[in-house]
Amino acid sequence: QKEVEQNSGPLSVPEGAIASLNCTYSDRVSQSFFWYRQYSGKSPELIMSIYSNGDKEDGRFTAQLNKASQYVSLLIRDSQPSDSATYLCAVTETDSWGKFQFGAGTQVVVTP
Amino acid sequence: DGGITQSPKYLFRKEGQNVTLSCEQNLNHDAMYWYRQDPGQGLRLIYYSQIVNDFQKGDIAEGYSVSREKKESFPLTVTSAQKNPTAFYLCASSRRGGSNQPQHFGDGTRLSIL
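Here the protein sequences come in this chain order: D and H. All letters in the first sequence, in the order written, are residues 1 to 112 by my numbering. All letters in the second sequence, in the order written, are residues 113 to 226 by my numbering.
What the hints contain is simulated information worked out from the structure, not anything from laboratory work. Backbone N, C-alpha and C fix where the C-beta goes; we use that ideal spot for every residue, glycine too. Certain hints may be false.
What the hints assert, rightly or not - Partner residues are not named here, just some residues of chain H that face chain D (Cβ under 10 Å, in silico):
# : residue
1 : 154
2 : 200
3 : 222
Said to hold, decoys possible - With beta-carbon atoms standing in for the labels, derived distance ranges:
# : chain 1 : residue 1 : chain 2 : residue 2 : range
4 : D       : 68        : H       : 122       : 16 to 26 Å
5 : D       : 60        : H       : 138       : 39 to 49 Å
6 : D       : 42        : H       : 208       : 39 to 49 Å
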């Protein structure tokens, strides 16, 4: 069973600080990685995609991928109360058509 | 505006009843998906379709059925065989199937048992 693991949290972050979220995956040959944000009671919203090792920045978000260590992380700089949500990590399986495997998500709470 | 429309937003099912959840997209995406989300859990794949008139079972297809007669539409039927249907159901689509294609989600349907 291929797995995607995330700390469930809640991760409490002071406003203006950096939130650091981690995701590990078991399928060594996974190729594509996605971060989604899900507000309470709402559907997931795509934040970032990353496909190669290294960092990818988009505004206040930075995704970091390390395939050798099988983890992908998301940094949220200058955290705002509006960043309070659950963040889902999704990893695609390479022995199929591109099926997504989702982690259970990390809840982030940004405190003023 | 392009997007994915799910209806209804809330749905209640009686014992022994089949119910159908609607999913329509105007993004011209080839691939569509149905997921189920239970509290504190990740999304689990029910069915997916990469092309019209073709669909495949996901990880938890038992008690569910789908059709894909039009590119824009991918309705999900929750049958009476699904004994624990209470969950948040999410429909998604992607430009095409493939490991590098991000999936985009509708607003979801909450299903409960009466």
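Checked hints:
At about 4 Å, the closest approach between the beta carbon of residue 154 of chain H and any beta carbon in chain D falls short of 10 Å, and the interface hint on this residue holds. The closest approach between the C-beta of residue 200 of chain H and any C-beta of chain D is roughly 8 Å, which is under the 10 Å cut-off, so the hint is satisfied. Interface hint at residue 222 of chain H: satisfied, since its Cβ lies 9 Å from the closest Cβ of chain D, which is below the 10 Å cut-off. For the pair residue 68 of chain D and residue 122 of chain H, the supplied restraint of 16 to 26 Å is violated, since their beta-carbon distance comes to about 46 Å.
Distance hint for residue 60 of chain D and residue 138 of chain H: a CB-CB separation of about 30 Å, inconsistent with the stated range 39 to 49 Å. Checked against the hint of 39 to 49 Å, the C-beta distance between residue 42 of chain D and residue 208 of chain H comes to roughly 26 Å, which is inconsistent with it.
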